[in-house]
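Just so you know, we're using the working numbering here: the sequence shown kicks off at 104 and counts up by one.
These aren't lab readings, by the way, just hints derived from the structure by calculation.
There could be a bad hint or two in this list.
What the hints assert, rightly or not - Computed Cβ-Cβ distance ranges for the label pairs, DEER-style:
1) K140 to R114: 28 to 38 Å
2) K162 to K140: 37 to 47 Å
3) E130 to K158: 27 to 37 Å
4) G151 to A127: 20 to 30 Å
5) A127 to M106: 22 to 32 Å
6) L118 to K138: 26 to 36 Å
7) K156 to L117: 37 to 47 Å
8) R123 to E143: 48 to 58 Å
9) A133 to G113: 36 to 46 Å
10) E124 to I149: 47 to 57 Å
To be verified - Listed next, the in silico DSSO-like pairs over lysine-lysine satisfying Cα-Cα at most 30 Å (straight line):
11) K129 to K146
12) K112 to K128
13) K169 to K146
Glycine included, every Cβ here is placed at the ideal spot set by N, Cα and C.
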Amino acid sequence: MGMYNTRVKGRQILLENPARESRAKKELEAKRAVKKKEKERKKLGIIGKKEAKEKGVWKFDESQAK
104 MGMYNTRVKG
114 RQILLENPAR
124 ESRAKKELEA
134 KRAVKKKEKE
144 RKKLGIIGKK
154 EAKEKGVWKF
164 DESQAK
């Protein structure tokens, strides 16, 4: 009976370096945060310049430009 068989064989050895978060997981979290922010904005009823242009609510006035 060797030292390996008595002490190591069949045991799980924990690694000292922690598991890193994957790039895909980070991207998914970022996407969720953006969606949540948009949802909160929609709830408040605030629309952006792009959305206002599409709906015809807001138009750029050349005379007011600097």
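Structure versus earlier hints - violations, ascending order
Violated: hints 1, 2, 5, 7, 8, 10, 12, 13.
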